[in-house]
Every structure is written in C-alpha cells, then in structure tokens.
Amino acid sequence: MSCACEILRIIYALYEDQIHKWDWRQQFIGIDVDSCMRSNSETKDLIFCTTGETNVISAINRKGEIAWRNIQEEQGRLIGSSLHKTDGLITVSLYKTKNGSKIFIRKWSQDDYGFLIAENSHFLQGSQNCLVSIDASKSLVNVLCGESGSQLKKFQFLVNKDQPNAKPEEQEWTNLDGSPTDVNLENDCIFVGVDNLVCLTSFSLHYIALRDSRWSNQPLPEALPGDKRYVLERILNQNGADVGYFGLKIVRNTKETERFYLYKVASDEDKSGGLQWLTTFPKIQKVSILTSANEPSHPQFYGVSSTKTGIEISKFGLDWKVEKSVSTNFDCKSHANSLHRFSIVQFGSEIEFIVTFDDQRLASFDSKGNMKWSREEGLSSIIWSQFVSLPYFSASSAKHDFRSPNDFLSLSSFKNRIYSQFVSIQEYIISLYESFLTSEKKTLEAVDEESREKSLVSDVFGFHKLLFIVTKRGKLFVLDNVRNGKIIWTHFDAKLKDDIIEEQKRIDSIEMERGRKCDKIPVISVYLQRHNLFTPKVTIVSPKGYLISYNPLEGRVEDSLDLNTRIKLSMLMHHADDQGIKGIILMNEADKVTFYPESTRETFLSHKNNYYMLVSKQTSEQISGYSLRHLQPTSPGSSHEDIAQRVWSLSLPTLIGSCLQVGWKEVDEHVHSQGKVLADRAVLYKYLNPNLVALINRGEESTDEESGKINVVQFYLLDAITGSIYYSVVHRRASDPVHLVHSENFIIYSFYNEKQRRIEISSLELFEGKEMPPPPPVRTPPKIVEHLSFIFPTGIRAMRETQTIRGITNKHILIALTSGGILSLPKIFFDPRRASFATSKYASSAAAMEEGGVYLPPYIPELPIPSEGIINYNQSVADVNHIYVGVSSLESTCLLFITGLDIYYTRVTPSKTFDILKDDFDHLLIIIVLAALLLFSIATKYLASRKTLNAAWK
Numbered sequence: 001m002s003c004a005c006e007i008l009r010i011i012y013a014l015y016e017d018q019i020h021k022w023d024w025r026q027q028f029i030g031i032d033v034d035s036c037m038r039s040n041s042e043t044k045d046l047i048f049c050t051t052g053e054t055n056v057i058s059a060i061n062r063k064g065e066i067a068w069r070n071i072q073e074e075q076g077r078l079i080g081s082s083l084h085k086t087d088g089l090i091t092v093s094l095y096k097t098k099n100g101s102k103i104f105i106r107k108w109s110q111d112d113y114g115f116l117i118a119e120n121s122h123f124l125q126g127s128q129n130c131l132v133s134i135d136a137s138k139s140l141v142n143v144l145c146g147e148s149g150s151q152l153k154k155f156q157f158l159v160n161k162d163q164p165n166a167k168p169e170e171q172e173w174t175n176l177d178g179s180p181t182d183v184n185l186e187n188d189c190i191f192v193g194v195d196n197l198v199c200l201t202s203f204s205l206h207y208i209a210l211r212d213s214r215w216s217n218q219p220l221p222e223a224l225p226g227d228k229r230y231v232l233e234r235i236l237n238q239n240g241a242d243v244g245y246f247g248l249k250i251v252r253n254t255k256e257t258e259r260f261y262l263y264k265v266a267s268d269e270d271k272s273g274g275l276q277w278l279t280t281f282p283k284i285q286k287v288s289i290l291t292s293a294n295e296p297s298h299p300q301f302y303g304v305s306s307t308k309t310g311i312e313i314s315k316f317g318l319d320w321k322v323e324k325s326v327s328t329n330f331d332c333k334s335h336a337n338s339l340h341r342f343s344i345v346q347f348g349s350e351i352e353f354i355v356t357f358d359d360q361r362l363a364s365f366d367s368k369g370n371m372k373w374s375r376e377e378g379l380s381s382i383i384w385s386q387f388v389s390l391p392y393f394s395a396s397s398a399k400h401d402f403r404s405p406n407d408f409l410s411l412s413s414f415k416n417r418i419y420s421q422f423v424s425i426q427e428y429i430i431s432l433y434e435s436f437l438t439s440e441k442k443t444l445e446a447v448d449e450e451s452r453e454k455s456l457v458s459d460v461f462g463f464h465k466l467l468f469i470v471t472k473r474g475k476l477f478v479l480d481n482v483r484n485g486k487i488i489w490t491h492f493d494a495k496l497k498d499d500i501i502e503e504q505k506r507i508d509s510i511e512m513e514r515g516r517k518c519d520k521i522p523v524i525s526v527y528l529q530r531h532n533l534f535t536p537k538v539t540i541v542s543p544k545g546y547l548i549s550y551n552p553l554e555g556r557v558e559d560s561l562d563l564n565t566r567i568k569l570s571m572l573m574h575h576a577d578d579q580g581i582k583g584i585i586l587m588n589e590a591d592k593v594t595f596y597p598e599s600t601r602e603t604f605l606s607h608k609n610n611y612y613m614l615v616s617k618q619t620s621e622q623i624s625g626y627s628l629r630h631l632q633p634t635s636p637g638s639s640h641e642d643i644a645q646r647v648w649s650l651s652l653p654t655l656i657g658s659c660l661q662v663g664w665k666e667v668d669e670h671v672h673s674q675g676k677v678l679a680d681r682a683v684l685y686k687y688l689n690p691n692l693v694a695l696i697n698r699g700e701e702s703t704d705e706e707s708g709k710i711n712v713v714q715f716y717l718l719d720a721i722t723g724s725i726y727y728s729v730v731h732r733r734a735s736d737p738v739h740l741v742h743s744e745n746f747i748i749y750s751f752y753n754e755k756q757r758r759i760e761i762s763s764l765e766l767f768e769g770k771e772m773p774p775p776p777p778v779r780t781p782p783k784i785v786e787h788l789s790f791i792f793p794t795g796i797r798a799m800r801e802t803q804t805i806r807g808i809t810n811k812h813i814l815i816a817l818t819s820g821g822i823l824s825l826p827k828i829f830f831d832p833r834r835a836s837f838a839t840s841k842y843a844s845s846a847a848a849m850e851e852g853g854v855y856l857p858p859y860i861p862e863l864p865i866p867s868e869g870i871i872n873y874n875q876s877v878a879d880v881n882h883i884y885v886g887v888s889s890l891e892s893t894c895l896l897f898i899t900g901l902d903i904y905y906t907r908v909t910p911s912k913t914f915d916i917l918k919d920d921f922d923h924l925l926i927i928i929v930l931a932a933l934l935l936f937s938i939a940t941k942y943l944a945s946r947k948t949l950n951a952a953w954k
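Using our numbering, read the sequence shown as starting at 1 and increasing by one per residue.
Quick caveat, the hints were computed from the structure, so don't treat them as lab data. What you were told as hints is all true, and nothing was included just to trick you.
Below 20 angstroms or equal to it, Euclidean Cα-Cα: the simulated PhoX-like pairs (lysine-lysine) are:
(1) Lys255 / Lys544
(2) Lys617 / Lys665
(3) Lys568 / Lys617
(4) Lys505 / Lys544
(5) Lys96 / Lys154
(6) Lys102 / Lys517
(7) Lys495 / Lys568
(8) Lys811 / Lys676
(9) Lys255 / Lys308
(10) Lys505 / Lys617
(11) Lys486 / Lys21
(12) Lys21 / Lys918
(13) Lys520 / Lys617
(14) Lys517 / Lys505
(15) Lys44 / Lys85
(16) Lys617 / Lys517
(17) Lys228 / Lys283
(18) Lys495 / Lys544
(19) Lys372 / Lys63
(20) Lys770 / Lys686
(21) Lys321 / Lys264
(22) Lys167 / Lys138
(23) Lys63 / Lys368
(24) Lys321 / Lys368
These figures come from a predicted structure and were not determined experimentally.
Full structure from sequences and hints, please.
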C-alpha cells in the first residue's frame, strides 16, 4: 500500500525543474498605503504597512520583499492603524453596506507571521462617515461617526483577546453649538489626538474637544484665489500614532503645494486651549514626526517636498530652520514626484524614509538620500492590459526596411528589404546557436540594460511579447512577459490619473444614490491603432476626452490630445489608412462624431456603410443603436459637424438599482470551423453573427410577497444592427457576482442562485441547423438555441475563454476561483447538448458523438474542479479581477495574464502541444537513426545495383 502511494505521489507531483519554467507571479500589498511602521520582531527587521483602498495588512523586510500579508474584506477600507512597542499592531477597517456600516477592529502580533490576536466588530445603523483615533498604549480605539458636525456619535473599543465581543462605550452629541454647516465628516475633517476634531470650511477652521461638547473656530491664514485651495493633513509619528499635530496646506489646481501651516492642538494642561499655529513651511508636501520615549515633548519634524528632478527630505530644528537636507533624483517623466504618504522608520540609530508617490510607487530612502528599494504597487490596480507582439529581429536591423506601403515597387525598397532579411537571418542563426547553450529564459535574463534593444525581439514560437498596462493612478507600464515581468518602460500622466479618479468618483456617487454597487468596469478604453511590429501605437481614451498615444516598443509618447468633452462611446475602425493606422471613432454626449487622427476620416468614408455603434450605460436600461452611413466628405476649413444618427432604441424592463453588462465577441477572434460534423456525416452549422451582443441586466424586481423585492438576472441576445432581441431568459432570486463569456457561437455566464444558495453557470449554443446559412448581408435569428445550466462548487471571480492564432485548438474556459486558483476546464463540459444526449436512447451510441469519435459526456449538474486543471498549482493569485489572453505563433498555445492584487503570467495548451516537440526530445538519437537509415539505404541501393548487374551478365 505504501509503495502504491509513493508511485501516485510521483506521478501527480510537479517536479522542481517545471516550476516557473514559463510562468511567473508578482505579489503586492495594494494601493493607497496608509502608513508604514517598524515592527519590534526579535528575529527580523520588518516594516508593517497598511493600505487603505485594498484593505491589506503586510510586513516588508529591509530589502522591500513581502514577509507576510493578510487580506481583509474586499469591499472594506482600512481607516486607521497604530503600533505599540510591546503589545501589537491595531487596525480599523470600515465596511459599508446598503443598510449601514460595519467596523472591524483587529490586533496583530509583531512576530514573523502576523497572527491575529484579537478581533471585534460592531454594526452601525445607516450609511455614516467615520473617523478613527487609536491609543495603542492603552489598546483603546475611538471611532467617531456622523453625517455632519452637529450630530456626532463616538464608540470606544477596548481591544482585548479575553473579551473579543465586548460592546463599545457609546457617547452621542446632538445639536452642538457653533457646528459647521455643509461639512462632510470623512472628506473635510480629521481626528487629532485622542478626542479632538478639526474641520475645514471655506472661510475658517472649526475645532471641538469632545470632552467640552462645544465648537470653536478661527479664520484661515489667508484668502485664496480660485486656482488654490486649503487641504487638511494628518501628521503621525513613527508608530502611526497621532500626537496632537496637524497641517493645513495650500494646494494649487496643478496639485503643487505652495505652503504648509503647522498647527498643534492644545493639551489639557495648556490653559490657552484651541489651535496653536507653530510655523509655516514653504513647498513642503508631507510632514512626519519622530518621537522619543526619553523626550516625548520634543519631537523631531521631517518634511518632504518635490523638486524638478526628484524629492528633497528636510529635518527641522527647534527654531523651525532646516538642520539637514538630502535630495534624491529620478526620471520624473517615468515616475510621479508628487507625494501621497510619508513615513519614518527607525532601526536603532538608522533612519529610513518610506515615501509613497502619487503613482503608488513605494520607495525607501536612507538618511543620505540613497534609494534602498522600491515597489511598483500601482501594478496591483491594473484596469487594462494588452499583449503587444515583438519583431523577429531588432530595430537596428530594421532601419533599412521600407516604412511606407507606397514604396513596394521602388528599387531602394527592394534593396532594403533584402538587406534586412539578410540581417534577420544572421541574428536568427546567432540566437539559434545560443539556444543550444542555454534556455530561452536564461538567455534573456542575462541581457543587460545596454543591450535592451536587442532583447526586445520575438522568439521562434511567438511566446515573447510585451504587456502594455494602464493602472488606476494613470501610470503606464510595459512588461516583458519572458523575463519574469521585468519593467521595460514606465510613464506617468497626471491628466490621465485625474480623469480616471474623477470618473470613478462619479460612478461611486451614482451607485451610492441607487443603493447598489455594480461590477467594476474599465473607465478608459485602450486601442492598438497600429500593429506594425517596429512602430506599434497604442492609444488610451479617457471618459473626459483626453487621448494619449504611446509606442510600447520605444517607450515614448507619440501624441496627446485633449478634446475637453465627455465621450459617450469610442470604437476602433476595422480598416487602416495608407500608414497602417486604424482610426478611432469618438462620440460625445451630443452625438457629435470625431475621428482620431483626423486623417482617418477619409478611410472611414470609403467604408462607412459597414459601421454601426451601440450605446449603453451600466446604470441604465436604455440601449440605442447609431448609424454613420449618412456622413459625407467635407471641404477643408468647413465648420460642418458629423452627427451620429440614431436608428433604433430599446428599453429593457425596469429594475430597481439595475446594472447592465454588455458582452461582445473579440474583434480579432478567428473561427476555424463553420459547423460541427456529426456522426451521421451531417453538418450542424454554427450561428456566427458578428453583430450579436449578449446583455445581462440585474437588479431588484417588485413582487406581491411580504419581502416586496427579489433580485433578478435578465439575459438577452441582441442584434446590434437592427436592435432585435433574438433570445431572452429571466433568472429570479439570482444576484451578483455575474460573469460573461461570449465567443464563436456560444455564451457562458455565471450568477448566484439565492434560492439554492449556490453558484450556477448557464451555457448557450446557437446553430443555424443542418442547412447552409444565408450570405452575410442577410441576418436571421438562430434556428436552434441550446441552453443548459450547471452547478459550480465554489465562487468565481473572473471567466474567459482561450484563444489561438487560427482557432483550430479546442476551447477551454478559464475560471478564476475565489481561493486563488485558475481553473482551465474544457469547453465540452459546458456543452448544452449534453442533456439531450443523456436523455435519449442513443446516449452511448454513435449518435451521441461528433465526427472523430468525440463523445459528449453525459449530463451531470455538478461541474468538476480537477486538481490537474489548476494551471497555477500553488501560486495563488489574490483578488483576481480580469483574465487577459494573447495568441502565440503556435496554434496549440495560448498566453494568459491574470490581474488583481497579484499579477500572474503563464501559457496553456488546451489540446496539448501537438505542433511542437517536447523539451526532452532526444535530437541526437533521431539524428543518429536517420543517418543510419540513410547509410543503410545507400548501401542497399549499391548492393541491389550490383546484384542486378551480375544477373545481367549471366
């Protein structure tokens, strides 16, 4: 028995040489770093970091590597943290729901593993804004909640592992005298010290000590013009504790800090009371304090400011003059130099400064200004990614190549093409020789920065590509998918960042009013306008009409344009102009159409009958179709405006708090087979309407029951040209999360069945029947719609189908599980025809299989999760939000890039590697066998001719 177990363990093991062979993972702590504090671990020097938006508590070593991390509630937000030297780390998270908010208070150990010591939670009725103050020395947490300054409620928690569910002490204030009006507690106020609240209005600073229950105010230092504003700033010490100081800074509309006013809240012993202005710092953006147990009343103040070439960190003396200043330089075009957070970490006599920039780059500097490490945490907030192909030889050998498509017949172009092909063959032979000496991955890793241009070339099978990435904070990345996600280029755009954040705030406010959150969709659009291998062009379109074009191969911005108008819809043209550029069609809220670049308008007019536009909003049931056939050529200098013409409009059934999701087919998808050949030699033709759109609308529906409302998921198949609904189904008592896959002739979507309390997956396949479908201009509804539902045993975070260069390989459905695994399941498991074959008398006969002997498995409601189907084995990916796919030159291989809090890259082979030899293929043996066969055939031929000659002489 033990021998059998050992054999099985060897068979299903993942050998060491297979780990990270063609995959890699990068882990992050998330964006919006709230504070960083030094842990008092006895064995390791660790830095505790807490992130607000992603709600993650983590520990980082002095090399910038993650020692451990704990991921909290996904919809929650960390609003406070503080560290005590001997007790532990206390964190406070706020989780807002439809009916109220929930506070989570936790205490973590300071050892190497970050164990949870104590936890307490409390539900707050109603949607409220909350601030927090932590006294880690006494394990006390004060949470102040309220909608305005006139009505406040404080909850005081004692964090104790012996009393984890102890109720907090509550204290409430109503109708406070002198309270400021039109103040948002979360956005306009800060908690200073233990129980002091400071709020900012247009003309004054308002202050209240909760022990006195009376508001007081004092005027602002100076009146500001319209292009400047005041901002309140919290100031914490090295342990994340608030010791009674805060800042009031003047910020321009360009985000540049002009002055920083330092204030102190008077203590109980100070008879003057109120707010005390201490000094004014010019150009300082952030201030942090270093306190000492021996001299608690004389803290050391450090400030950081941005310069044209980097940042400057200053230490201030007791007279508020600069005692010491250090500067650090970096490329301010590639990285942001404006600051988000500033923390001090002390290791004995050494001091490190932890700086978080606006692009969410986390960096550590020593007291001399040298950068010790940096982390690109912006990669944990990817909102768009695109695979970009690489040329087969370096750009240096392509400089003699022709650039214009009109030069095909010129003699110089022919000479340049011959020369470039000769150089490419030469480079290929060199790379082939190197591949015999070492593996592809090790070869690329050995390339230094000086030869980066030569390293950006494709391999034989097209596995080597670039990953073009856009993040929530407006930073663009270009990663190398072969060199473990190495950053090739970066670029920070402050305008793009502001547009993304403003649009996200607008969506959040709409969702707050509607009382329902929808799935996060990208607020930008990214298009690959030029697919030239040497000069690719990727263009980003923001919702406010800001466009930026980027060359990912050379790492430079080619063009930027600000239309200063809200974009309702953008679409990439299918036809390219003479320069190989595909134009972008932009339509604003007034239905005015703009082309980018403007030169592509002529290309569009020659194909205008083929372009239609479908407009929908995530928070509306209204869908409209537009035509551009009526647009006409215009003379230069004409003031004529192109207006899209609405040709149809559709209103879906009204739901309370509806969320609409639209699923298109991939534009570059290749369909290899037009039908399925059955066992009786008949062909079941697929319904391949490229204009077919899958719509999923979810929300609440009114009923006559006592509850009054139930959650509903509505599914529609819509023709985007005519606006006709071909198929629809309604799932009652179904809700989020909903995920959708639309490819070829099938649609797969998942939802949560509230009645059965399980995740279900519905699968549809559309067919024309066994007769040849009509020509493309004639579109009719599908004659056969097969629909079947399955039960999925665990939660789903994202779904996507595999794609290959020719579409021959069998499809697999990729499912990101809530546990962190990525499941690859054959499409045949989702085939809705499984039910009809299972109930027929031919379930096990030839009628139940297709040509080639492929049997459809009998229908079983539960879908399996085979362990061998988890493609990322033990490399769990946290909080997955999207799966991006790319094609390689091999038909068998599909490239995957999974994004979330972590990023993960790998490649899958749904039909195995049928078009490539295995890595352990014995080339030497086959050469010897072929040589032996060749010699044997030559010898046999010689002996046969001798025998024939001898026979002729007889």
